[in-house]
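Since chain A is already given, all that's left is putting chain B on it; use the hints.
The listed protein sequences correspond, in order, to chains A and B. Taking the UniProt record's numbering, the leading residue of the first sequence gets 1, the next gets one more, and so forth. Taking the UniProt record's numbering, the leading residue of the second sequence gets 1, the next gets one more, and so forth.
Everything labelled a hint here was simulated from the structure, so no lab data went into it. Treat each hint with caution, since some may be false.
What the hints assert, rightly or not - No more than 20 Å apart at the CA atoms, straight line, and that leaves these computed lysine to any residue pairs for SDA-like:
| no. | chain 1 | residue 1 | chain 2 | residue 2 |
| --- | --- | --- | --- | --- |
| 1 | A | K40 | B | S997 |
| 2 | B | K334 | A | M120 |
| 3 | A | K224 | B | P1110 |
| 4 | A | K153 | B | W972 |
| 5 | A | K299 | A | T54 |
| 6 | B | K334 | A | G235 |
| 7 | A | K301 | A | V84 |
| 8 | A | K342 | B | P1158 |
| 9 | A | K40 | B | H395 |
| 10 | A | K299 | B | W1086 |
| 11 | B | K155 | B | D128 |
| 12 | A | K50 | B | V1174 |
| 13 | A | K50 | B | H1083 |
| 14 | A | K220 | B | T1112 |
| 15 | A | K220 | B | F1075 |
| 16 | A | K56 | B | H395 |
| 17 | B | K1168 | A | D315 |
| 18 | A | K148 | B | L341 |
| 19 | A | K215 | B | H395 |
| 20 | A | K220 | B | D303 |
| 21 | A | K148 | B | F104 |
| 22 | B | K1168 | A | K301 |
| 23 | B | K776 | B | T805 |
| 24 | A | K56 | B | H1149 |
| 25 | A | K50 | B | F1075 |
| 26 | A | K56 | B | Y1146 |
| 27 | A | K50 | B | T1112 |
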Amino acid sequence: MEAVGQAILVLPEGIQSDPNCSGYLPDCFIAVLQSKPDSKFTQQELPACKPILTPKWVVSAFMIIAIVFIPIGIACLLGSRDVVEVVERYETKCIPAANINNKVQYIQNSDANKNCTIQMKIPKRMKKPIYVYYQLDNFYQNHRRYVKSRSDKQLKSSKNENDTSSCKPENLATGGGAIVPCGLIAWSLFNDTYSFSLQKNNQSLAVNKKGIAWKSDKQKRFGKDVYPKNFQGGGLKGGGDLNVSVPLSEQEDLMVWMRTAALPTFRKLYGKIEVDLEANETINVTLQNNYNTYSFNGKKKLVLSTTSWIGGRNDFLGIAYLTVGMICLALAIGFTVVYFVKPRRLGDPTFLSWNRGPGSH
Amino acid sequence: MARGRIRERLRRSHLHPFSCLRPNANDSEGPNPLQGPGFSRIVHCNQPHKHQKKPLKYCSNYISTTKYNIVTFLPKALYEQFRRFANLYFLVAAVLSLTAVSPFSPLSMILPLAFVVGLSMAKEALEDWRRFAQDMKVNSRKASVHKGGGVFGYKPWQKIQVGDVVKVEKDQFFPADLLLLSTSYDDGICYVETMNLDGETNLKVKRSLDVTLPLEDDESFKNFSGIIKCEDPNPSLYTFVGTFEYERQVYPLDPSQILLRDSKLRNTAYVYGVVIFTGFDSKVMQNSTKSPSKRSKIEKKMDKIIYILLSLLVLISSISSIGFAVKIKFQMPKWSYMQPLNTDNLYDPDNPGKSGVAHLITALILYGYLIPISLYVSIEIVKVFQARFINQDIHMYDEETGNTAQARTSNLNEELGQVETILSDKTGTLTCNQMDFLKCSIAGTAYGVRSSEIELAAAKQIAMDLEEQDTQNINVSRYMKSANKEDSRGGPEIELESVITSKCENDQKPAIKGFNFEDSRLMHGHWLNEPNQESLLLFFRILAICQTAVPELNEESGMITYEAESPDEASFLAAAREFGFEFYKRTQSSVFIREKYAHPGQLIEREFKILNLLEFTSKRKRMSVIVQDEDGQILLLCKGADSIIFDRLSKNGRIHEETTTKHLNDYGEVGLRTLALAYKKLDEPEYSAWNNEFVKAKTSFSTDREAMLERVADMMEKDLILVGATAVEDKLQKGVPQCIDKLAQAGLKIWVLTGDKMETAINIGYSCSLLRQGMKRICITVMNSDVVAQDSKQAAKENILMQITNSSQMVKLEKDPHAAYALIIDGKSLTFALEDDMKHHFLALAVGCASVICCRVSPKQKALVTRLVKEGTKKTTLAIGDGANDVGMIQEADIGVGISGVEGMQAVMASDFSISQFRFLERLLVVHGHWCYKRIAQMICYFFYKNIAFGLTLFYFEAFTAFSGQSVYNDWYMLLFNVILTSLPVISLGVFEQDVSSEVCLQFPALYQQGTKNLFFDWYRILGWMGNGLYSSLVIFILNIVIFYNQAFRAGGQTADMAAVGTTMFSCIICVVNFQIALTMSHFTWIQHLFVWGSIATWFLFLLLYGLMPPTYSGYVYKLLAEALGPAPIYWSTILLVTVACILPYLVHISFQRCFNPMDHHIIQEIKYYKKDVEDQRMWRRERSKARQETKIGFSARVDAKIRQLKGKLQKKSSTSVSQNCMASPS
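Just chain A, with the same shape it has in the complex (with noise of 0.2 Å):
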């Protein structure tokens, strides 16, 4: 080897000593590798494992998938039949009778009394904290127009201010000044409020709207020293109001708000309720039913829900395990079965192409 090594390193010379030998392709790229000739290298004899499937490897590969993904499908499930998960649907309920034909001139309508008392049942016991969501549908926060449309700079500190330009057409009040959370997502902040209370005795259950946010969020991306300013001053109500008193960090809500959603379908967290509800009491929700989804037929849901391990509740996940670990586990029988079957013998020489096929001899 030390012999090839060194024919290796007197190589380039010779080539390059030839007067009729250049114009060959450029070196630049494995210069690199160059500095050092490794004729194992250049001769591509680099030691490699080659590994090939045999029945085994391929039994046990399915096998180990199985074994390995019915237990997380197992686990995934009964961690999301844990979660105790209650969806109050109220767009349609919450319009009083008489403005049942113009929706959205009576949501539109800031003199009208939005007050709104629904009733949840917990089917099951639920532990603290329980999450409060709301959830929208046909609502195109994803959409490509309302997506862009913020300022991560002037939501950090106050010293971009006016850095607006991406948030069109939300972005300068009537005045002239910038609008501080400027852009459509921020303008389209959702406000209708909950207020929740236990029917049997009245007694109301407190929804703690802290630590709803990420954490990030508050410490670094919405400053401290910015504060709303000539938010939803124009002539067009896009939804909540902002206090100015109080910093963007502290703003939770609109933090949430403005964490985009993937899908047209999509729940916020609105805040926590730190006791256990016990199965089969009746919640009373008095709602302001403030936000405009009329206008585009979107529902409001309230959804009261506790977590496991995996979040919310959500079958799909332990199902999708506990298919895909089936069908290995049919795999890995079925090619156990195949390889008893019509075993063939690894590297048997009868199928090469040439011992098989019309041209044999």
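Frame of chain A, contents of chain B only:
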């Protein structure tokens, strides 16, 4: 004297290959100054200063082959880059990304494009720099130029001007096209080697005008001046028209006074010449054609795939923009949260058509990820590596010349794996163009004990086969065993083995060039003790005298070497010298021989007067000299093809005919070239009577002069007495028969295209096993080669057509499956056969034949044949050659391979690959070609897979965003996807993947068929990969969307936003595509491990680090992994689930395929894996021998034939005959 002149002229005209092309009109035209268009050049000899101003200013001798210069590089190279459709597309996309329609930030579009284009341009620049360096090397070569006042000094070539007088010394190249003025010889002759121009290795004689002969030293150029008027620069190498005005006289010039640039002065101490054409005006530069840029079939197919993807892109973009327009029109007005009344053009519900069109552009940019931007650059990088591996392969390193294989272009690496037909030059490619005198038969006795290569290899093969059959207990071996028992002296195997080993060792290299003869009966003067020494003496004298060579004393060694017209003759002379008959001097009329008899030191110098020389022509197939020895005895000495000589023997000259014929057959069988030698004694009156006739014929100027001469010569060359026969081995290059054999086993067809005579070509066909005994030969020739007049052209053509159709019929009707046909066609017939209406008949016939040999073909015909094969069969062709005459074919073929090592570099410069010996072709094709093909094919398939898998998820997601063109991924993810996160693994696949090791490739040539059958890049496979991509994209998207639907994704109750979903989806994609490539690979070195697993690690690392950057840069990604996704089990379990679900079908597919329908390389991998090749060596060897394509040509076929014959004998006779027969040596 007159006779001598004529003889000389005759001789010269023979040496000139272009003598027939010399315009006769010029002679009759006389010294009239040439005028008119095309003849405007005026050269003032020795007055270069006159050529500095305009009308007479010609181009300088500076040559440049570069594509660019500093100024033009940028525009030209950019133009080249953006001629590629994909690049142009991305350029437009990048420009549009500066506008509002773009879904991405401009940087994420421009950066990858700049990277990709920059890299390609850097490569271009580097390659052009190398060309420039090469040019500079040539331009700065020094030549001796007259500086005035009779003083010569050295100047670089580029400074040489028209009109300069230059002095060129022996073995130097001519710096420009020169008019020869005088030479070191008194008669103004010089010898020129034109190998760089036309590939011919024999020397050509050039002769100066008589008037310039006195200019024989530096001094004499002091006051020299003259005016040359001649044709304008043109590419015709063999014509020149001009006049030379010197001392008030005008002399006509013809090509024999012109020395062409890049040819070489040989055998002449120095010459003086005047520069006529410089630089690009010179004939050789005028001849140089731009080498066409070639693209491999895979790349062409890849373009088609790109067009498919492009249509897909347009399709989904249209769907998207229609969807967008519909949503804008009907739904957007209701989306109060988007202020639909306060919109711009892009989202105008009142004008959805306009918005839709604008959105189409957005979509086209967005889905640009379907077209892998990095594909071209990745392939380029991979190919550069592959080319380096070819360049550095130690197994293709020629120790003698110190040359390695060179991939001169990296475009065609994978094409090497798909070659169907090899078109090979003969001289210098298959053979070394060196003949070795190996055996002879004199007066019915065979001499020479050395074996030819064929014999050696046959013996070896038989020995191996016997051994194998022995173990297999086949009939023959059983018989052999019983024979062994009977013959207690030992089996034939032992003897065979000893033959091989002993021969192989001492047969490596003949010590003397052209002489590889060994027989103690003749050597060292022992021939004197032989019974028939009369014949022996004559035999040696014929060898020494019947020739046209020029002896040359090598001053260093004191040895005499010979410049002969044909290498055969050189080998005869070398043999004669070794036998003690040294030809050492030639004058106009005599040949001088130094005869050395047994007693050392006793040298007799003899002079033989040459009375007449009867030329060798391919039609006569013989040459004769009539000599008078010192005793006054007149002898006719003749050598020629055996059939011709045997027809002309006298009754009493046939004593040895029978035995000689037998020997000749033996020689022919083992691939040797044979000639028969004969003589005849003449009486003085008989001779003079004939000579008068001959002179008359010679001096006649009628058109049938040639015919007359021939008739007269014919009269003389009869009633000969047979002396013996010679057998020379046309020394094949090392390993050529084996290589041809292997290539044939790999299923390649080999055509030989040669400028040589038909007989020579056939002989070579035999010795490199393209032809063999028992093969049916179809020879197509023009019946009457003399008739080339217009009216008979049609007749000749019809004749050829008839021959072709008859032969085709014959091939078609052949019943025997083992019958092999060989087609041999000569250049003249080929002119007709290549005409449009006939070429398809010809091709059909040629394809039906096992081997095809075209002889006497011109360089142009070589190219035409190559084109015919390439276009007619639609298969990949490879042309290999070494000389300038092969340039056309090298450029025409799909792949051109040049043989480097010999002096001419023209072929190499025009080639795509150069190797230093033919035998390296095997490794180049079977190992590198096979690997490169598979690598590139797999790589491209995977590339499309990964981009479809990625690109389509964008589309699905967009459908969920009301077709607004929003991407779920961060711009940086997308940017890194192609450039970093998935590129290195696929590059490592393209560079390092090996399905089987190089040894196995060589041992199982049949594996090469996987490339020619294109098993790895057929539409089935491509669509399979695309389908896999589609499946993966669906699985990735659907699973992610459903899992992260709307519920909390972690225990903290938070729901997933777009950034979390996008990042999870992207993590899944990265894992899926990298696991997928890991499954695709079958060869993992640490590099692949590093790249594949490293890419996955890099992604997570990137995510982590990017998340640590201040949120103004990282946006939503800020602390995404650390805070949100990392601690969420659902994130990791989704990745695991999606990865397994995506690769599952592929895993099942490959498991299933390996189980039920394994391909050859699968089996071999398994055999290797279980080390079965070591355990069961017999099986391994058996399979190796079976892994050959059924061949009708090649060594194996020939050996098979020989073995069959042998077995027959074996069953009849005792085992002793075996050894005798296979040694085929006289006992």
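- Query: What are the numbers of the hints that this structure violates, sorted from low to high?
  - Reply: 2, 5, 10, 11, 15, 16, 17, 19, 20, 22, 27
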